[in-house]
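Visitor: Single-letter residue listing:
2 protein chains.
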Amino acid sequence: MAGTVKIFDTTLRDGTQGEGVSLSVEDKLKIAQKLDALGVSYIEGGWPGSNNKDIEFFMRVKELKLSHAKITAFGSTRRKETLAENDPNLNRILEVGVQAAAIFGKSWDFQVHTAIQTTLEENLAMIYDSVRFLKKNGLEVIYDAEHFFDGYKSNPEYALATIKKAEEAGADWIALCDTNGGTLPHEISAIVTKVTSLISCPIGIHAHNDCELGVANSLAAVMAGARQVQGTINGYGERCGNANLVSVVPNLQLKLKYDVISAEQLASLSTVARYVSEIANMHMPVNQPYVGSAAFAHKGGIHVSAILRDSSTYEHIKPELVGNKQRVLVSELAGQSNLVFKTQELGLDFDTNNQQTKQLIEQIKEMEHQGYQFEGADATLELLIRDAYGKLDEVFTLDSFKIMVAKSADQPVLSEAIVKVNVHGKTIYNAAEGNGPVNALDNALRKCLVEYYPDINNMHLSDYKVRVLDEKDTTAAKVRVLIESTDFNSTWSTVGVSENIIEASWHALVDSIRYALLGMTRVADKPEESRERLGLVNH
Amino acid sequence: MAGTVKIFDTTLRDGTQGEGVSLSVEDKLKIAQKLDALGVSYIEGGWPGSNNKDIEFFMRVKELKLSHAKITAFGSTRRKETLAENDPNLNRILEVGVQAAAIFGKSWDFQVHTAIQTTLEENLAMIYDSVRFLKKNGLEVIYDAEHFFDGYKSNPEYALATIKKAEEAGADWIALCDTNGGTLPHEISAIVTKVTSLISCPIGIHAHNDCELGVANSLAAVMAGARQVQGTINGYGERCGNANLVSVVPNLQLKLKYDVISAEQLASLSTVARYVSEIANMHMPVNQPYVGSAAFAHKGGIHVSAILRDSSTYEHIKPELVGNKQRVLVSELAGQSNLVFKTQELGLDFDTNNQQTKQLIEQIKEMEHQGYQFEGADATLELLIRDAYGKLDEVFTLDSFKIMVAKSADQPVLSEAIVKVNVHGKTIYNAAEGNGPVNALDNALRKCLVEYYPDINNMHLSDYKVRVLDEKDTTAAKVRVLIESTDFNSTWSTVGVSENIIEASWHALVDSIRYALLGMTRVADKPEESRERLGLVNH
Numbered sequence: 001m002a003g004t005v006k007i008f009d010t011t012l013r014d015g016t017q018g019e020g021v022s023l024s025v026e027d028k029l030k031i032a033q034k035l036d037a038l039g040v041s042y043i044e045g046g047w048p049g050s051n052n053k054d055i056e057f058f059m060r061v062k063e064l065k066l067s068h069a070k071i072t073a074f075g076s077t078r079r080k081e082t083l084a085e086n087d088p089n090l091n092r093i094l095e096v097g098v099q100a101a102a103i104f105g106k107s108w109d110f111q112v113h114t115a116i117q118t119t120l121e122e123n124l125a126m127i128y129d130s131v132r133f134l135k136k137n138g139l140e141v142i143y144d145a146e147h148f149f150d151g152y153k154s155n156p157e158y159a160l161a162t163i164k165k166a167e168e169a170g171a172d173w174i175a176l177c178d179t180n181g182g183t184l185p186h187e188i189s190a191i192v193t194k195v196t197s198l199i200s201c202p203i204g205i206h207a208h209n210d211c212e213l214g215v216a217n218s219l220a221a222v223m224a225g226a227r228q229v230q231g232t233i234n235g236y237g238e239r240c241g242n243a244n245l246v247s248v249v250p251n252l253q254l255k256l257k258y259d260v261i262s263a264e265q266l267a268s269l270s271t272v273a274r275y276v277s278e279i280a281n282m283h284m285p286v287n288q289p290y291v292g293s294a295a296f297a298h299k300g301g302i303h304v305s306a307i308l309r310d311s312s313t314y315e316h317i318k319p320e321l322v323g324n325k326q327r328v329l330v331s332e333l334a335g336q337s338n339l340v341f342k343t344q345e346l347g348l349d350f351d352t353n354n355q356q357t358k359q360l361i362e363q364i365k366e367m368e369h370q371g372y373q374f375e376g377a378d379a380t381l382e383l384l385i386r387d388a389y390g391k392l393d394e395v396f397t398l399d400s401f402k403i404m405v406a407k408s409a410d411q412p413v414l415s416e417a418i419v420k421v422n423v424h425g426k427t428i429y430n431a432a433e434g435n436g437p438v439n440a441l442d443n444a445l446r447k448c449l450v451e452y453y454p455d456i457n458n459m460h461l462s463d464y465k466v467r468v469l470d471e472k473d474t475t476a477a478k479v480r481v482l483i484e485s486t487d488f489n490s491t492w493s494t495v496g497v498s499e500n501i502i503e504a505s506w507h508a509l510v511d512s513i514r515y516a517l518l519g520m521t522r523v524a525d526k527p528e529e530s531r532e533r534l535g536l537v538n539h
Numbered sequence: 001m002a003g004t005v006k007i008f009d010t011t012l013r014d015g016t017q018g019e020g021v022s023l024s025v026e027d028k029l030k031i032a033q034k035l036d037a038l039g040v041s042y043i044e045g046g047w048p049g050s051n052n053k054d055i056e057f058f059m060r061v062k063e064l065k066l067s068h069a070k071i072t073a074f075g076s077t078r079r080k081e082t083l084a085e086n087d088p089n090l091n092r093i094l095e096v097g098v099q100a101a102a103i104f105g106k107s108w109d110f111q112v113h114t115a116i117q118t119t120l121e122e123n124l125a126m127i128y129d130s131v132r133f134l135k136k137n138g139l140e141v142i143y144d145a146e147h148f149f150d151g152y153k154s155n156p157e158y159a160l161a162t163i164k165k166a167e168e169a170g171a172d173w174i175a176l177c178d179t180n181g182g183t184l185p186h187e188i189s190a191i192v193t194k195v196t197s198l199i200s201c202p203i204g205i206h207a208h209n210d211c212e213l214g215v216a217n218s219l220a221a222v223m224a225g226a227r228q229v230q231g232t233i234n235g236y237g238e239r240c241g242n243a244n245l246v247s248v249v250p251n252l253q254l255k256l257k258y259d260v261i262s263a264e265q266l267a268s269l270s271t272v273a274r275y276v277s278e279i280a281n282m283h284m285p286v287n288q289p290y291v292g293s294a295a296f297a298h299k300g301g302i303h304v305s306a307i308l309r310d311s312s313t314y315e316h317i318k319p320e321l322v323g324n325k326q327r328v329l330v331s332e333l334a335g336q337s338n339l340v341f342k343t344q345e346l347g348l349d350f351d352t353n354n355q356q357t358k359q360l361i362e363q364i365k366e367m368e369h370q371g372y373q374f375e376g377a378d379a380t381l382e383l384l385i386r387d388a389y390g391k392l393d394e395v396f397t398l399d400s401f402k403i404m405v406a407k408s409a410d411q412p413v414l415s416e417a418i419v420k421v422n423v424h425g426k427t428i429y430n431a432a433e434g435n436g437p438v439n440a441l442d443n444a445l446r447k448c449l450v451e452y453y454p455d456i457n458n459m460h461l462s463d464y465k466v467r468v469l470d471e472k473d474t475t476a477a478k479v480r481v482l483i484e485s486t487d488f489n490s491t492w493s494t495v496g497v498s499e500n501i502i503e504a505s506w507h508a509l510v511d512s513i514r515y516a517l518l519g520m521t522r523v524a525d526k527p528e529e530s531r532e533r534l535g536l537v538n539h
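As given, the protein sequences belong to chains A and B, one line each in that order. Mapping the first sequence onto full-length UniProt numbering, position 250 (from 1) lands on 250, and the numbers just tick up by one. Mapping the second sequence onto full-length UniProt numbering, position 107 (from 1) lands on 107, and the numbers just tick up by one.
I should point out that these hints are in silico values taken from the structure, not numbers from a laboratory. Treat each hint with caution, since some may be false.
Unchecked claim - Negatives, chain A to chain B, calculated, CB over 12 Å:
1. Ser197
2. Ser200
3. Arg239
4. Leu266
5. Tyr290
6. Ile361
7. Gly390
8. Pro412
9. Tyr452
What the hints assert, rightly or not - Mimicking BS3-like on lysine-lysine, the simulated pairs with C-alpha atoms at most 30 Å apart in a straight line are:
10. Lys153(A) <-> Lys318(B)
11. Lys420(B) <-> Lys478(A)
12. Lys365(B) <-> Lys194(B)
13. Lys194(B) <-> Lys257(A)
These numbers were taken from a predicted model, which means no experiment stands behind them. We put the CB at the ideal spot given by N, CA and C, even for glycine.
Construct the complete structure from the given sequences, taking the supplied hints into account.
Guide: The structure is reproduced here in structure tokens:
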């Protein structure tokens, strides 16, 4: 091993500066759990001095009992000509009760004059006082040297003086930031080499992607002696984003042989990257390195015949190492590994010679081809598997639905739905209003079912996401609707795909209700009992 | 200047191997003209030995009379145990009448044994004979050493022997290919340094992006002595794509001071990148380095107040150098300074004592409170500001709309919309079908407007995003709809918020059409003229 490198994730702080990225407190808590499981060392959760949403996150994240990652609060050095003890921003960090703080200060003389408009001496005092104050209060302190590389290029003595001040004050880490993302790898390499020869405090790197070099700059810094990499999942972040940890981690671990996370954690990388893109509602590029669905896809005939002989002819690593898989675009075999995993989890015998299994694989291939994706929709996948391996009871069948939406000038929109379903041989017909077409449909369906399934009152939808699949064809394009439901004991997700948003929503809605009414939400808690009850155990 | 670097573009050949990229002959001809104007030295147009579409391209591209770029045909070395003179693939290259040919051959002993299954000696003869044959027939020859870096790492003597053979046969260039994209910059640097010390033929680099290092590897090779870079526009290409020329070129020219293309050509980079993404029908990421619409966008309030003082505080280059522009995103994280910036950009006087300004701030605060977010919706923000500071023409007003969505059992969903609008005092009433309720609405509205505004046919929606704002209340929760539209010259985004997805879509749709029909999409090109025309100049 080449040494250990710690990962400092700032998806929840710097990542949310990216255009189109907006995370609720719930979203942030979900992502924090995934990051912890992935094995990152620090999770920067937000800036408690800047908004109340971030304070709520820090309060609620304590209940999650993370196994490994240190929750870290972000903030700036104290204001000029004040005492650190009186600085509201620094005190807010103490109040939220975190283990670590990342404090940024100025390294570039130009910035000291232009942005904060104070003297070079006062800036040094601001750094020293702020780090010292947090250290005295028992926190681990990461000092983020903002614009360090630009500062070093313009005035190396002063840039070095700022980080020496942080070291003197007891900082545990000094992270060198390429804030504007304009520095090239050979410059990073030379400057980090110089810094590590002068500073004994461990060094981190915080790179941005403005020159499409965020990953390369992070690697260059580590090879020059840095031992912490700051970045975000999928490279989300302001402007062109931060260094993409999803590429940095496998490069460090598989190529440069650093000790970063465990092999099992690395094998969850593709799942984590997709999960975060779903939660953030950001499109994940198919060609994203390591984890994109095309990262190990082969199209050219020559390449395909060569990889059939030996996959290392056109693949730089085994895709399974990062939880991805090989795809041959002419004969797709996607989804099978998910399916193997899921069926094994349900205690079923996944035998590819079995007729049920063959049909199931065909069905899932066809659905994936249509745009279905089961990564964020476990409940839909489970229903498909259970339908294939055993006969599930029919909860209800649809006869028809009609939706009307009408608006006149300045009046609010009126949405109504009429639903006709068949439950245990009886036709039920009902209508309801709603705040929108899908809500009206949901309400009307519930009115039809509640008499037969009073349990339906215990569940409700807790998240609803819409993703356009072929963005070029827009309002006529296919949409994928993801619905998350909860009955207070558990949470499950379902998916529907159609050219029509109403039809896609209907599919996801029906699966969500079926899953609950068939009692499958309790499978997770008592798997054996539920499997038995549902006739899914192999005897 | 650090020297001259030639650009070898393979968007039309390797780029089309990317998942989702498919170009007709017409598309390829259009792109070839843009590439020529951009100043690339070589345009690799396709593989004449592999398909007739590529042959048609080579025949028709001659009529275009390109000013500078050399049209290049791709092909492989001759088949084993045959004569180059009799090789159909090599003869096809001569038949299409190009100035240059790029011929690939094997450098990696493992590949010689596994993929082409011949002896190491025969492979050397295949390289020599093929290059020699094309040179004798008067072509400039680029020898592409496939898998060179993997080959060199496994058997350096043999890898070097293959390129020495190509040099001996008279190759004009030897391009070292990192075919699997698995090599790191420090390895590229060491190997290219070694090769340039042993070979006098000029060296090129062909990198892939599998480790998110395609750009870094291209720069490393140039700094080690390579003088040709192969890549594609926007990094299209197999798996994770090829080296992205849109980032490579400004890095070489602006940062490393190589002579690549002229300053005027560089200033067309953003336009070319967007044009190619439109033609290839690929979504262009907002955060794409240098040319993405968010590449110089600022969200955080602190950053915004600093760039108001000096833009170099948070921008690594002046965006105009690559034909891009600075943008300030208005969002919850930002303060009033973002709005100040936006109004200044429009040439308006942002005076907080002014009654119009006070009302505008109140209105935006109220809308943000309702769930509006303007960071991804510049056009809606601009309409609000212009409405506040000057009276904009009314394009049309809504009388009413009605939408019907119906589904019976296994039938597909039917969506219809009826729209009644008022244009210049006349009531227009029209109906249309669609693939979903919003598409039906969009279609019906366009049918109403096209007679008065034929320009509406030049714009189309290019992205449609839906986000649920309060996930606790789901299908009854508020939704934010973000629409991106384009008229091929520019792209603009609008937003709508409502509890009803149809109403939210309607707001975004109406803003998108108003923005286009008021001629505001041309403001970016001729700001003064448009401001004047729209009555927005402060006299």
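Visitor: If a hint holds in the structure, say so; if it doesn't, say that too.
Guide: Evaluation of the provided hints:
1. Ser197: Correct as stated: the minimum Cβ-Cβ distance to chain B is 19 Å, above 12 Å.
2. Ser200: 25 Å, holds
3. Arg239: 6 Å, violated
4. Leu266: 14 Å, holds
5. Tyr290: 8 Å, violated
6. Ile361: Since the minimum Cβ distance to chain B is about 22 Å, Ile361(A) lies beyond 12 Å and the statement holds.
7. Gly390: 23 Å, holds
8. Pro412: 8 Å, violated
9. Tyr452: Consistent with the label, Tyr452(A) stays out of reach of chain B, its closest Cβ about 20 Å off (over 12 Å).
10. Lys153(A) <-> Lys318(B): Distance of about 18 Å is within 30 Å: holds.
11. Lys420(B) <-> Lys478(A): 27 Å, holds
12. Lys365(B) <-> Lys194(B): 62 Å, violated
13. Lys194(B) <-> Lys257(A): 24 Å, holds
Hint compliance for this structure: hints 3, 5, 8, 12 are broken, all remaining hints hold.
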